[in-house]
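K.L.:
Following the hints, position chain B against chain A.
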Amino acid sequence: MPTPAEPKPANPFLTARICKSFPSAERAFSLDLEFSAAPGFTILFGASGSGKTTLLDCVAGLATPDSGRIAVGERVLFDTNTHDANTHGANTRMDVPVAKRGVGYVLQDLALFPHLTVEQNTEYGLAHLPRSARKQQAAAMLHEFRIDHLRQQRPAEISGGERQRVALARALVTDPCALLLDEPLAALDAASKAKIIDDLRRWNQAHRIPILYVTHSREEVLALGERVLVMEQGRIIAQGTPHEVLRAPLQETVAQLAGFENIFDATVKSVHEDRGTMICRVMMCRAMTCHVPGSEAGSGVLLETPLIRAEAGSPLRVGIRAGDILLAIAKPRGLSARNVIAGRLVSLERRDMIIAARVNCGVEMEVYLTLAARDALQLVEGLEVWLVIKTHSCHLMRR
Amino acid sequence: MSINWPAFLITIELAMVVSAILLVVGLPLAYWIAFSRRRWKFLVEAIVALPIVLPPTVLGFYLLVALGSQSPLGRWWQSLTGHTLAFTFPGLVIGSILYSLPFAVQPFTASFSSVDRKLLAASATLGASPLRTFFRVVVPLSLPGLVTGVVLAFAHTMGEFGVVLMIGGNIPGVTRTVSIDIYDQVQASNYAAANATALLLLVFCFAVLTVVYGLNRRTPNPATHNQRLWTMGPIK
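Here the protein sequences come in this chain order: A and B. Residues in the first sequence are numbered consecutively from 1, following my numbering. Residues in the second sequence are numbered consecutively from 400, following my numbering.
Looking at chain A on its own, in the form it has when it is part of the complex (with noise of 0.2 Å):
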């Protein structure tokens, strides 16, 4: 940075209260949420349609919520509330203008103008500076995220890791009192992901502003979450440090977003408290790529999962990550792990450098190899084999 950021009052936090109804005689949608995030990366994590890039257009002042109220710190950005002595108590609105936010948003396609140079694209902002300046800034910022060398050129010269780095400088440069990232890395390869995820790290290490980061990608959100708000249907239905949220997961849309490639119905025989565990009696396939039928009651398979507070009889639900999954074409002595089941090889399927089994064990379930790991052991459709799968990988939630 030219010049260090001067010091902002402290703890800015990004405090928002949004209601904001779409009628629509489709599909009727609703934003109802409430939420504080702190200086650093908050993650907006959810599906597709649940309200995230709403969100952020009703932060930037892009669309306006029905009620509400958003702040930056002390700095009230929009309110329909507010309670002023000078108007005599009376409601009146208060809307500040989008230019006039200074919340920075990296919109999902980026929305470069296409027509100027990267470096006019990041000059843009910085207009009510003299053009020395404009220009000093403008270098230093395409130099902290390494785009110097690009700057004569245009956008539509520039490939799509450049593109990303020339959006997030264009809007870093304004020095932002907030930060809105919708998307910005969904089409980016790992390696250069990684690379700027690095660079606005170091960037935020600097700053200390509220970042809302929107994304579906869960390395992302490991990678970057400080905290995590997970949406639903305009609502947040989960909030938490990426660890809680991602290995505890209370509900099941949250487990299906969190990548459990294994959910199955389950009911619970037997409470060990001593043990702290219980036995479950998985019954029932519920993951979407499972072609068993559910199975009739008796079957399926037993489980030793933890403990959670439930009854004998209680229905549950289960939810194992494919890549939890040990398996082994002998049975194996000496684990620690509780679960060792016997199964079949139903199939083998290679996606990208990863090896999908599905297994048959009374339920059908999907384990990730390497391909080193289908080589060394030979398998093969048909074989039998034994999972392994620790008490902790079983993950509960309710039904």
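Certain hints may be false.
Said to hold, decoys possible - Lysine-lysine pairs mimicking DSSO-like chemistry, simulated, CA-CA at most 27 Å apart: (1) Lys269/A with Lys331/A; (2) Lys135/A with Lys100/A; (3) Lys135/A with Lys517/B; (4) Lys517/B with Lys100/A; (5) Lys195/A with Lys135/A; (6) Lys269/A with Lys390/A; (7) Lys440/B with Lys193/A; (8) Lys440/B with Lys517/B; (9) Lys390/A with Lys331/A.
Hint data in this document are derived by calculation from the structure and do not stem from the laboratory.
P.N.:
Just chain B, lined up with the frame of chain A:
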């Protein structure tokens, strides 16, 4: 060759004045049509398009009434200048502006509408006022459409006949334009003179249109790349 040069000069002067005014008037009007979310917008669009379908005599007749000494506008002009608007060059300009309005406004509107709304949103979040967004983003990205609109208005004014005849009359050196001159020559059986003027007009208009379409071909509109409609109103 007996080309009526005064008529030709008057026509070019008229066309230049009219297209210049239409550029100034048409830009905000087209901007409003392209970005407004008013429910009655369609009414304005219909009114703007009216001269395309209306017989010039109808337009000319009502203009004559509106500009004549019986109307408030006519009286105001008369108190200002001492004569009526009808049968004068300014009257001709007013008539031509209305008559050529859709030929300027419609290409303007189309090119404004094709500018990606996300660019306008991005511009606003970067602190740009609507005016700055208009001149830094909207205008550069719709330049081919703006050139097309101005040139079409120019060419259309060059060739108009009915409205000119109705409100301008046929006063040599004041309101006699090329198309009326050609008509006169034909009426007088001066086919050689009519042909000379007509040919000149034909070549001129063809040259203008060739330049415009040539320009449009060479500059593909960047705004229409990766175009996405975005249901959002104008940026505050």
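K.L.:
All the hints need checking, so say for each whether the structure fits it.
P.N.:
Against the structure, the hints come out as follows:
{"no.": "1", "hint": "Lys269/A with Lys331/A", "in the structure": "holds, 25 Å"}
{"no.": "2", "hint": "Lys135/A with Lys100/A", "in the structure": "holds, 22 Å"}
{"no.": "3", "hint": "Lys135/A with Lys517/B", "in the structure": "holds, 25 Å"}
{"no.": "4", "hint": "Lys517/B with Lys100/A", "in the structure": "holds, 18 Å"}
{"no.": "5", "hint": "Lys195/A with Lys135/A", "in the structure": "holds, 25 Å"}
{"no.": "6", "hint": "Lys269/A with Lys390/A", "in the structure": "holds, 18 Å"}
{"no.": "7", "hint": "Lys440/B with Lys193/A", "in the structure": "violated, 45 Å"}
{"no.": "8", "hint": "Lys440/B with Lys517/B", "in the structure": "holds, 22 Å"}
{"no.": "9", "hint": "Lys390/A with Lys331/A", "in the structure": "holds, 15 Å"}
In summary, the one numbered hint that this structure violates is 7.
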